[in-house]
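Colleague: As a plain string of letters, each chain reads:
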Amino acid sequence: MRLLPAFLTVLMVLSGPAIAEVSEVYDFDTRAEEQRYQQLISELRCPKCQNQNIADSNAPISKDMRDEVYRMMQEGASNDQIVGALVDRFGEFVQYKPPVDNRTILLWAFPAIATIGGFLIVAGVVWRARRREDEPPLSAEDRARAEQILASQSDKADRR
Amino acid sequence: MYPELGQLALILSLLLAVLLSVVPLAGALTGRDSLQAFARPLASGMFVFTALAFAILTHAFLVDDFSVAYVANNSNSMLPWYYKFSAVWGGHEGSLLLWILMLIGWTLAVAIFSRKLPSVMVSQVLSVLGMVSVGFLLFIILTSNPFDRLLPNVPADGQDLNPLLQDIGLIMHPPMLYMGYVGFSVAFAFAIAALINGRLDAAWARWSRPWTTVAWSFLTVGIALGSWWAYYELGWGGWWFWDPVENASLLPWLSGTALMHSLAVTEKRGVFKSWTVLLAIVTFALSLLGTFLVRSGVLTSVHAFASDPERGSFLLALLGITILASLTLYAFRAPVVHVRSRYGSLSREIFLLLNNVLLVSATMLVAIGTLYPLVLDYLDLGKLSIGEPFFNTTFSPLAVATGLLLGAGIFSRWKKTDGGWLARKLLWPLAVSLIASAAVMIGYGGFAPWAFLGVFAAMWVAVATAWDLWDKSASRKGRWHGLKRQSRSYWGMVLGHLGLAMVMAGATVVSNYGIERDVRMQPGDRAMVGDYEIVFTDIGERRGPNFTAQYGSFNVYLDGELVTDLHPEKRQYPVGMSVMTEADIDAGLFRDIFVAIGERISDDAWAIRLQYKPLVRWLWLGSLVMAIGGFLAIADKRYRIRVRDEEAVKSGEPAAPGKVAEASS
Amino acid sequence: MKRVLLFLPLVIAVGVGIFLFAGLGKDPTKLESVLIGKPVPEFSLESLDNPEVQLDPSVFQGEVSLLNVWAEWCPSCWDEHEYLMYLAREQGVRIVGLNYKDQRESAFRFLNRLGNPYETIIFDPKGTLGFDLGVYGAPETFVIDAEGVVRYRHVGVVNQKVWEEVLLPVIAQARGNS
Chain A
1 MRLLPAFLTV
11 LMVLSGPAIA
21 EVSEVYDFDT
31 RAEEQRYQQL
41 ISELRCPKCQ
51 NQNIADSNAP
61 ISKDMRDEVY
71 RMMQEGASND
81 QIVGALVDRF
91 GEFVQYKPPV
101 DNRTILLWAF
111 PAIATIGGFL
121 IVAGVVWRAR
131 RREDEPPLSA
141 EDRARAEQIL
151 ASQSDKADRR
Chain B
1 MYPELGQLAL
11 ILSLLLAVLL
21 SVVPLAGALT
31 GRDSLQAFAR
41 PLASGMFVFT
51 ALAFAILTHA
61 FLVDDFSVAY
71 VANNSNSMLP
81 WYYKFSAVWG
91 GHEGSLLLWI
101 LMLIGWTLAV
111 AIFSRKLPSV
121 MVSQVLSVLG
131 MVSVGFLLFI
141 ILTSNPFDRL
151 LPNVPADGQD
161 LNPLLQDIGL
171 IMHPPMLYMG
181 YVGFSVAFAF
191 AIAALINGRL
201 DAAWARWSRP
211 WTTVAWSFLT
221 VGIALGSWWA
231 YYELGWGGWW
241 FWDPVENASL
251 LPWLSGTALM
261 HSLAVTEKRG
271 VFKSWTVLLA
281 IVTFALSLLG
291 TFLVRSGVLT
301 SVHAFASDPE
311 RGSFLLALLG
321 ITILASLTLY
331 AFRAPVVHVR
341 SRYGSLSREI
351 FLLLNNVLLV
361 SATMLVAIGT
371 LYPLVLDYLD
381 LGKLSIGEPF
391 FNTTFSPLAV
401 ATGLLLGAGI
411 FSRWKKTDGG
421 WLARKLLWPL
431 AVSLIASAAV
441 MIGYGGFAPW
451 AFLGVFAAMW
461 VAVATAWDLW
471 DKSASRKGRW
481 HGLKRQSRSY
491 WGMVLGHLGL
501 AMVMAGATVV
511 SNYGIERDVR
521 MQPGDRAMVG
531 DYEIVFTDIG
541 ERRGPNFTAQ
551 YGSFNVYLDG
561 ELVTDLHPEK
571 RQYPVGMSVM
581 TEADIDAGLF
591 RDIFVAIGER
601 ISDDAWAIRL
611 QYKPLVRWLW
621 LGSLVMAIGG
631 FLAIADKRYR
641 IRVRDEEAVK
651 SGEPAAPGKV
661 AEASS
Chain C
1 MKRVLLFLPL
11 VIAVGVGIFL
21 FAGLGKDPTK
31 LESVLIGKPV
41 PEFSLESLDN
51 PEVQLDPSVF
61 QGEVSLLNVW
71 AEWCPSCWDE
81 HEYLMYLARE
91 QGVRIVGLNY
101 KDQRESAFRF
111 LNRLGNPYET
121 IIFDPKGTLG
131 FDLGVYGAPE
141 TFVIDAEGVV
151 RYRHVGVVNQ
161 KVWEEVLLPV
171 IAQARGNS
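Protein chains in written order, with the working numbering: chain A, 1 to 160; chain B, 1 to 665; chain C, 1 to 178.
These are calculated hints, taken from the structure and not from any lab test. Do not take every clue at face value.
FRET-style restraints, in silico, Cβ to Cβ [what the hints assert, rightly or not]:
#1 B:Lys-383 with C:Val-14: 22 to 28 Å
#2 A:Gln-74 with B:Ser-553: 39 to 45 Å
#3 B:Asp-525 with C:Val-162: 50 to 56 Å
Cross-link-like lysine-lysine pairs, in silico, DSSO-like; alpha carbons within 27 Å at most [stated by the list, open to error]:
#4 C:Lys-126 with A:Lys-48
#5 A:Lys-63 with A:Lys-97
#6 A:Lys-63 with C:Lys-101
#7 C:Lys-126 with A:Lys-63
#8 A:Lys-97 with C:Lys-38
#9 A:Lys-63 with C:Lys-30
#10 B:Lys-383 with A:Lys-63
#11 C:Lys-2 with B:Lys-383
#12 C:Lys-38 with C:Lys-126
Only some residues are given here: those of chain B computed to face chain C with a beta carbon under 8 Å [stated by the list, open to error]:
#13 Leu-278
#14 Pro-309
#15 Leu-371
Don't be surprised by glycine CBs; every beta carbon is placed ideally from N, CA and C.
Produce the complete structure using the sequences and hints provided.
Modeller: Structure (structure tokens):
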């Protein structure tokens, strides 16, 4: 039974990173359209691969999806419509860009929240440091005690 | 016979690790020198046994001992010897053994290079490292033994190393990466030791710093190697995919960068101590998290090792115990008393604190983006994917902001910087950066807002760094003398920041101005990519040591002149029955031309991928420069403690103020 | 800085740990179908047995059925086929087959060798219906209710465990409703 995990390891490793081989070429009217296609397929995820976009995946389903992207582009569909059509069939999983909704608002807003929050904390640190600057190093009470101690020490020195 | 010896060596190492965890620590807590003295010999012993185990495994690979299951799964008799060597860390068990070897190696290094440190401190640090080793040694012995045998049915030959891994990149990438990951355990151990013995001061920061910097430098090299390898090996011309495993390596890097800078403040000014300790714990925790993510199957990734819930559970337990214990210790023992130190709002302390805010925000962003799908799935809110589009949009602004802050921060002074003075100082660098960035935009043919910001941030960092160097190297005895006079620590900082500028420039330019085309070509056809003309001249066959290949020939022209010819291949590896595309790249300092062969579309025609990648090499060259900066910084003279100070150091007093190097790093 | 704040990292770590623990053992590659609760998409495809006959979603009307996506080139389909035979013969389950991206001859060869548990087989050589159903790899099995609405999609082979724990409860519920 120890063989099984080893065998699975082999399978996983061998079936793992598929080298991106271009398997079809589409014709586009303009370079801009060509680049739009490249961008679209790089943002769509292969549903069965181990985290690859459909541009780099050799899986048959990826090819089908690329075909569909091309077909819809030729029909004049917008990026949103194309991605939407694929999401309607395969689920949100195939979009690498998470939708902005109640679940993900925290995710998208995070950089702003973290940075602003952090800056506010630093502002607080600075403010506190500045307040400390205004205070004398010793409070009035401590100053009086210190003077007393110093005075008694110098008395002792004098008496020697 | 040897594999059993290897197993025995690991067990012996474990026993010594257990002793190391307990004995010196007991000695430190009870003040018994005799117990503390065990630390160094135990560390040496552990290293000897672990190295022996590693050597035995390597030997098994080199002599084709297929009775060892791990060798049979990852090697083959036809494999060239250098790949047999690197196959040792090509799979889960072996790479884990490499990890442990490095961990124990770092432990030994701490034992050797800490003779001048107080014995109590060293004992505690080594004990903590011993504890971490115990965890990993248990993991490997109990769940991931590389020495498992396939007796009595020894296979005639092995399954071969995944062809993807048969590459120089693989030989270097994991060792460098692990040196980095594991190296942060030292800063962690110092932090835990300081929390245990309560002595959290500038001296602690000074001791931790070089260890942290070295680990960071190795991690930088490791990540860069991974990116470079993916670029030329995987055939898609990409250099970063925001894959969970990639993110797992970026997390400790970002956190480690913050830690490096925070340690500088704590060393120089004795402030932000609690924060720095927390960062030290968190950085190593992120290294452990990375190990877990890669080997547990919790997240999908092309890079992941085989997933096995049993191993995943063990790792999570290991991770959990380490992190929970250290954070609990932190919560109870970290100082809350404010140091009565003063610093102005534009002081270097504050600039570095802001640097930490941005870096930690970036760390949290990457962590949250990577783990969010898991959280949503757990809450039954759906299966989402979070990938490149998300990270590019959210990470880039943080990177740009860090760059902008860096440039201004370089001129800042400790304790207090005058606002007016700083503003005046920044005027010229600002003007130069703006003009230079505009020139770059025009040169690459197109203004895009994010491209401009990225290039400007890179320029800003480079110009500010150069300006500061110019200022500081002014000397009556001439410029050269002024330059030589700067400490290695300062030069390390200069290189570190220049390296960063290069990486930012490379990332921005290649992302915005790179061109990728998939075209149908027959021999004789020509296609344009950017300003370059690619002509497909021929396709033939050739044989390699363990593969056969279709061998293509392409000529590359610029403005009618032949630049080079490229020979991409499609290889078939008979043993594993896999096919691989080997792209050919014309590498240049300022651009790469990339050609890869795809599928055969018809009798004559092939699908060919052409790419023009401006400044892509700067990503990795810049990383190399950053790492060199790190290594240079630790070679600074002040880390060689002078004999006079030895007594002071042995009793643990912080170095007298006058003796701390003036270099502002 | 209060002592309480220092406990925050610990709390966060525990939280993350819980999610990681929950994630262990889950297969991140099994996707849930988006079509659950929606009718089977429109299609008009030939029957495998008889090219003259055109099949459309009405083939699901009237009875709860399994829609099994299979192909001759799919190794796991060979493994699960015996159990499908059992389900059709012994359990009286109505199974509609979707022959996905295959050739007629290969499909017949497969059925001749292993038996035919399908009441009807939709021939989808280009995989268009499969694509519209969100099929991303054979074998997959859907539960379709008597109104032609998709109730569930299982990715992977159907065996006793899957049948008892996953499919049967869904079928029971679908039957209960209609």
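Colleague: Give a verdict on every hint.
Modeller: Results of checking the hints against the structure:
1. Judged by the Cβ atoms, the range 22 to 28 Å given for Lys-383 of chain B and Val-14 of chain C holds: they are separated by roughly 25 Å.
2. Checked against the given bound of 39 to 45 Å, the beta carbons of Gln-74 of chain A and Ser-553 of chain B, roughly 34 Å apart, lie outside it.
3. Roughly 51 Å separates the CB atoms of Asp-525 of chain B and Val-162 of chain C, a value that falls within the hinted 50 to 56 Å.
4. The hinted pair formed by Lys-126 of chain C and Lys-48 of chain A meets the criterion: a straight-line CA distance of about 19 Å does not exceed 27 Å.
5. A C-alpha spacing of about 20 Å is found between Lys-63 of chain A and Lys-97 of chain A, which places the hinted pair at or below 27 Å, so the restraint holds.
6. For the hint pairing Lys-63 of chain A with Lys-101 of chain C, the CA-to-CA distance comes to about 13 Å; that is within 27 Å, so the pair holds.
7. This hinted pair checks out: Lys-126 of chain C and Lys-63 of chain A have alpha carbons roughly 12 Å apart, not beyond 27 Å.
8. With a CA separation close to 25 Å, the supplied pair Lys-97 of chain A and Lys-38 of chain C stays within the 27 Å bound.
9. Between Lys-63 of chain A and Lys-30 of chain C the alpha-carbon distance is near 20 Å, which keeps this suggested pair within the 27 Å criterion.
10. Proposed proximity of Lys-383 of chain B and Lys-63 of chain A is supported: the alpha carbons are some 22 Å apart, at most 27 Å.
11. A distance of roughly 39 Å separates the Cα atoms of Lys-2 of chain C and Lys-383 of chain B; the hinted pair therefore is violated under the 27 Å criterion.
12. Taken as a hint, the Lys-38 of chain C and Lys-126 of chain C pair is honoured in the structure, with Cα atoms around 23 Å apart against an allowance of 27 Å.
13. Hint on Leu-278 of chain B holds. Least Cβ distance to chain C is approximately 6 Å, under the 8 Å limit.
14. Because the closest C-beta pair between Pro-309 of chain B and chain C is about 4 Å apart, less than 8 Å, the hint holds.
15. The interface hint given for Leu-371 of chain B holds, since its Cβ lies 7 Å from the closest Cβ of chain C, which is under the 8 Å cut-off.
Taken one by one, the earlier hints fail for this structure at numbers 2, 11, listed in ascending order.
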